[in-house]
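**Student:** The listed protein sequences correspond, in order, to chains C and S.
The first sequence begins at 1 in this note's numbering and counts up by one.
The second sequence begins at 1 in this note's numbering and counts up by one.
Quick caveat, the hints were computed from the structure, so don't treat them as lab data.
Watch out, some of these pointers could steer you wrong.
[As the list claims (entries may be wrong)] Which residues of chain S face chain C? A few of them, derived with a C-beta cut under 8 Å, are:
#1 His10
#2 Ala14
#3 Leu39
#4 Phe45
#5 Gln48
#6 Gly52
#7 Ala56
#8 Gly58
#9 Phe69
#10 Leu88
#11 Gln103
#12 Tyr104
#13 Pro107
#14 Gly108
No residue lacks a Cβ here, since even glycine has one placed at the ideal position from N, Cα and C.
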Amino acid sequence: AQKVTQAQTEISVVEKEDVTLDCVYETRDTTYYLFWYKQPPSGELVFLIRRNSFDEQNEISGRYSWNFQKSTSSFNFTITASQVVDSAVYFCAQFTGRRALTFGSGTRLQVQP
Amino acid sequence: DSGVTQTPKHLITATGQRVTLRCSPRSGDLSVYWYQQSLDQGLQFLIQYYNGEERAKGNILERFSAQQFPDLHSELNLSSLELGDSALYFCASSAGTSDADTQYFGPGTRLTVL
Numbered sequence: 001a002q003k004v005t006q007a008q009t010e011i012s013v014v015e016k017e018d019v020t021l022d023c024v025y026e027t028r029d030t031t032y033y034l035f036w037y038k039q040p041p042s043g044e045l046v047f048l049i050r051r052n053s054f055d056e057q058n059e060i061s062g063r064y065s066w067n068f069q070k071s072t073s074s075f076n077f078t079i080t081a082s083q084v085v086d087s088a089v090y091f092c093a094q095f096t097g098r099r100a101l102t103f104g105s106g107t108r109l110q111v112q113p
Numbered sequence: 001d002s003g004v005t006q007t008p009k010h011l012i013t014a015t016g017q018r019v020t021l022r023c024s025p026r027s028g029d030l031s032v033y034w035y036q037q038s039l040d041q042g043l044q045f046l047i048q049y050y051n052g053e054e055r056a057k058g059n060i061l062e063r064f065s066a067q068q069f070p071d072l073h074s075e076l077n078l079s080s081l082e083l084g085d086s087a088l089y090f091c092a093s094s095a096g097t098s099d100a101d102t103q104y105f106g107p108g109t110r111l112t113v114l
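Chain S with its partners taken away, still in its complex shape (with noise of 0.2 Å):
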């Protein structure tokens, strides 16, 4: 157990709609990252928050977009949702001492977009 959570662990939902997935860092943790893991991108970085600030930005889709609220937990917003957005989407956290600090990963989102 990384000590990161994430809900909910499934989520079934129809194209159109809007979605968000929310992650709880490890104790002590101020940085927070979101990862999207597909079938055909594999696992792609898609933003970083620290401390309640965006840090950096990966290969997000405008239709997403992510907040880190100020106890630390981050939500990830996934709207107009289309079939390629079925992925399982990760919430990783560190201590953000350094940006190269050990990421530790939540058991995931499955997302899957009917």
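One chain only, chain C, in its complex shape (with noise of 0.2 Å):
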């Protein structure tokens, strides 16, 4: 079954740390895609970065970082000195071809003034 694991429900820095949001998947596929999006306070979702699952190259997009391990199962996110505006909650998701996304249960980022 495929199951994403976000286990830390809430972090809180102060701004300028960075800070690193991890993900766990489980999935017996070999090809898969996996998310993570932003959801800020006011509600929507935000699409943030799209992996599959023969790229293990790490992207870094501003002060955004990826780093993708398949020999530990893991999708982390790290945010480069972190500000007010980078609060919300995070998820990370998987699609394995079921056509659906499954999502972890989220991070809650607080960044502190």
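Hints are included, so try docking the two chains, each in its own frame, into the full complex.
**Tutor:** In structure tokens, the structure reads:
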């Protein structure tokens, strides 16, 4: 069965700190896709990144970076020099060909000024 | 702005009633998905339509139904509403060229059942 675990329910940091959000996935499929979405206080879900199972290269986009490790079934998300605007709930999700995203339970990030 | 629109933004109704939520996908997208986000269940997939046809079903109750129209907009119908149906309902769309296409989410409809 497909499962996505985000063990950190809530993280609180002070502005400019680096923070890493953990994501562990489970699947028996060899082809799968991993995603991160951001849900700010306004409620919408904002797409951040999509990776497929054949591409383990880490990715950096501005202050955001993602570390994909198949050996540990993890797809962690790091925000460098966090800002108050980063405060949101972040969801990791998995797609394995069964035509639906399986979401983790989310990590609420609070960035204090 | 993802390009996916949902109406209404908020809906307050009573138990036993029926409501319809509407979604317009991004221009050019053929697939529409419906998700429910509640405090106890998290984000759960309900149903997917592709170019007017039902493609996949998730944890959708029999009291709920959906359809996708020729202009590709979709509606989610919720009937015999219960208090537990109170949730944020998201619509998402994707290009539909591949099942693994990125899904872009609308702003959601917050349903409150009193």
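**Student:** Look at each hint and say if it fits the structure.
**Tutor:** Okay, the hints, checked on the actual structure:
no., hint, in the structure
1, His10, "violated (11 Å)"
2, Ala14, "violated (23 Å)"
3, Leu39, "violated (11 Å)"
4, Phe45, "holds (4 Å)"
5, Gln48, "holds (6 Å)"
6, Gly52, "violated (16 Å)"
7, Ala56, "holds (4 Å)"
8, Gly58, "holds (5 Å)"
9, Phe69, "violated (20 Å)"
10, Leu88, "holds (7 Å)"
11, Gln103, "holds (6 Å)"
12, Tyr104, "holds (6 Å)"
13, Pro107, "holds (5 Å)"
14, Gly108, "holds (6 Å)"
Violated hints for the displayed structure, listed by number in ascending order: 1, 2, 3, 6, 9.
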